[in-house]
Amino acid sequence: MSRFHPLEVTDIRRETRDAVVVTLKPVNGDASAFDFTQGQYLTFRRDFDGVELRRSYSICAGKDEGILKVGIKRVDGGAFSTWANEHLSKGEIIEAMPPMGNFFTAIEPEIAKNYIGFAGGSGITPVLSIIKTVLAREPKSRFTLVYANRQVSTIMFREELEDLKNIYLGRFSVLHVLESEAQEIDLFTGRIDAEKCAALFSTWIDLKAVDTAFICGPEPMMLAIAAALRDHGLNDSQIKFELFASGQGGRAKAKAVSVNAADQGAHCDATVTLDGATRSFKMPKQGESLLDAALANHMDAPYACKAGVCSTCRAKVLEGEVEMVTNHALEDYEVKQGYVLTCQCYPLTDKVVVSFDQ
Amino acid sequence: MSDTMNIDDYLAQGGILSSPSNVSPRYRGELLRLMATFVDSELAGSAGFADTINDAPGIKQRIAAARITLEKTDHAERVLNVMGTFGVDKARYAVHHPWAARVARDADLGTSRQATDMRLSVFYYPLQGWVDAVVMNVLMGRAVGIQLTEFSKVSYAPLAEVFREIAPREARHAELGVEGLQTIAQTEDGRAMAKVSIAFWKPRVAASFGQSESKRFETLKKFGLRHRTNEALLADWTKDIDALLASLHLN
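Residue numbers (this note's numbering), protein chains in the order written: chain B, 431 to 788; chain D, 99 to 349.
Hints listed in this document are in silico derivations from the structure and should not be mistaken for laboratory results. Misleading hints may appear alongside valid ones.
As the list claims (entries may be wrong) - Taking beta-carbon pairs under 8 angstroms as the criterion, some of the chain B residues facing chain D (in silico):
{"id": "1", "residue": "MET530"}
{"id": "2", "residue": "GLY531"}
{"id": "3", "residue": "PRO648"}
{"id": "4", "residue": "MET652"}
{"id": "5", "residue": "ASP666"}
{"id": "6", "residue": "PRO732"}
{"id": "7", "residue": "ALA734"}
{"id": "8", "residue": "CYS735"}
{"id": "9", "residue": "ALA737"}
{"id": "10", "residue": "CYS740"}
{"id": "11", "residue": "THR742"}
{"id": "12", "residue": "THR756"}
{"id": "13", "residue": "LEU760"}
Where is the CB? At the ideal position from N, CA and C, for every residue including glycine.
Taking the hints into account, I'd like the entire structure generated from these sequences.
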């Protein structure tokens, strides 16, 4: 299982009104654990009023910069991103897991490749890491970036991208598409949808010459661009995705307080929710796991190993208490939030309410 | 078009997820189940095939059997690595079940799962000698080819990529099987033995495509984890296998 390592904030720079770039340095000689591949992300954890939150942010540094940098854009109501934008300061220590993610292709210095990248808003962070790395390490390759933003003032890394254009003359180009600011060319105003993609592919971008496309942004943009790329002949293995899901925002709720903690009988009233449907049944407190009881009551609950190893049967206890006999898969913070491995759970209270949907 | 959308709507429209932090709890459960089925089947298949190395009639055949045994374990590891990103204890998982365990040859398992591992029920039947192993490998190998075409489109990008890498190597395993079966089918004795094995394995491999009208299919389809029905995949396989066996005079 991945371990968290301490990182020191060596620099924090405001990139736009709503986004900061944080430079990090592993402490305790953990540097090798953070030897990233372009396009990967870091998962951070922090305690907010007793509730641990984990958030992933992409690395925006290239392989040859010799430093670790992530871009964090403030999301409305997002506890972690707001904290990073407003309170995080130089010298602080934060914890992160080693880099993860598959949003990259292998570097092949000898080969001349044509890449296209689509980034929406803060989706630029991993794409920037890829751009800097491939331009430096694949001297014959070219990269075209289509970068969607609301307006000029929200464009992250605008100057850095301009600098890259000058350093790699003829090998790197950027098309800025702005949603709410008119530009000289109509095509570059508005949202990137199927129509705009079709127009881009017929005039500005020769998709037939493209080896790999990278897309990173919010859901609707990912869908529109992926569909357009497939319609224009790219196959699935040529399209690399990194979804910046909106679902990451918000704050995790603390575990619900047990309503009826007294142990009264040998049976328990179990209420289980799966796929929006809720079923109630009686089950023995001993001898039958919560998962087996749900299965016996004709609920198609997910499971695999039944040994507390794979976590397929994970669910959340909303009310009551259970005993988890074995746990090789859930981490402490998940258990604290009420998550259990149902294959290893036996009720302790006379009533338990469990959901596979949360 | 708004800036963001519900993740279920996104998936229903063909959206692709890229990291454990993207997935919903139910998606997570179904994705892990799908991966566990694949890992357990590869580990059990590889464990069963290991004995075949010693049944091989020549050096080339020994190499082929050893290669299949090795690479199927490697494919299990690649998918297990994806499971690891969801918190699965990989070291424990790899040894949590006796993968070489088999039932009696005449047991009737249908499509139901046995005990506590997720292998397809076809991997619970024991192999009986070289010809039997070759036949099983051809029939199942072609089924895996069809299933991997389906799985290469799953909405979880890191897994789809692994399946796309694995697919050509699994196809090669089936090819090695066909080469072996061609040799076997050259003699009358060989054809007779092969036909007995085909009669045994064909319905069992067919059952590995799963039940028709599976309720879970709708859930999986909604999540973008499945696209074509069990029946459609089975029909493709039946057509493919019937043509192949006819070409070898084994039908």
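Against the structure, the hints come out as follows:
1. MET530: holds (7 angstroms)
2. GLY531: holds (6 angstroms)
3. PRO648: holds (5 angstroms)
4. MET652: Hint holds; B:MET652 Cβ to chain D Cβ min 6 angstroms, cut 8 angstroms.
5. ASP666: It holds, given that the least Cβ distance between B:ASP666 and chain D is near 7 angstroms, below 8 angstroms.
6. PRO732: For B:PRO732, the interface hint holds, since the closest Cβ of chain D sits about 3 angstroms away, which is under 8 angstroms.
7. ALA734: Constraint on B:ALA734 satisfied, holds at 3 angstroms.
8. CYS735: OK, holds: B:CYS735 within 8 angstroms of chain D, min 6 angstroms.
9. ALA737: holds (5 angstroms)
10. CYS740: Nearest chain D Cβ about 5 angstroms off; hint holds.
11. THR742: With a minimum Cβ separation of about 4 angstroms from chain D (threshold 8 angstroms), the hint on B:THR742 holds.
12. THR756: Hint on B:THR756: violated, closest Cβ of chain D at ~10 angstroms, above 8 angstroms.
13. LEU760: Holds: closest Cβ of chain D sits about 7 angstroms from B:LEU760, inside 8 angstroms.
In this structure, only the earlier hint numbered 12 is contradicted, and the remaining ones agree with it.
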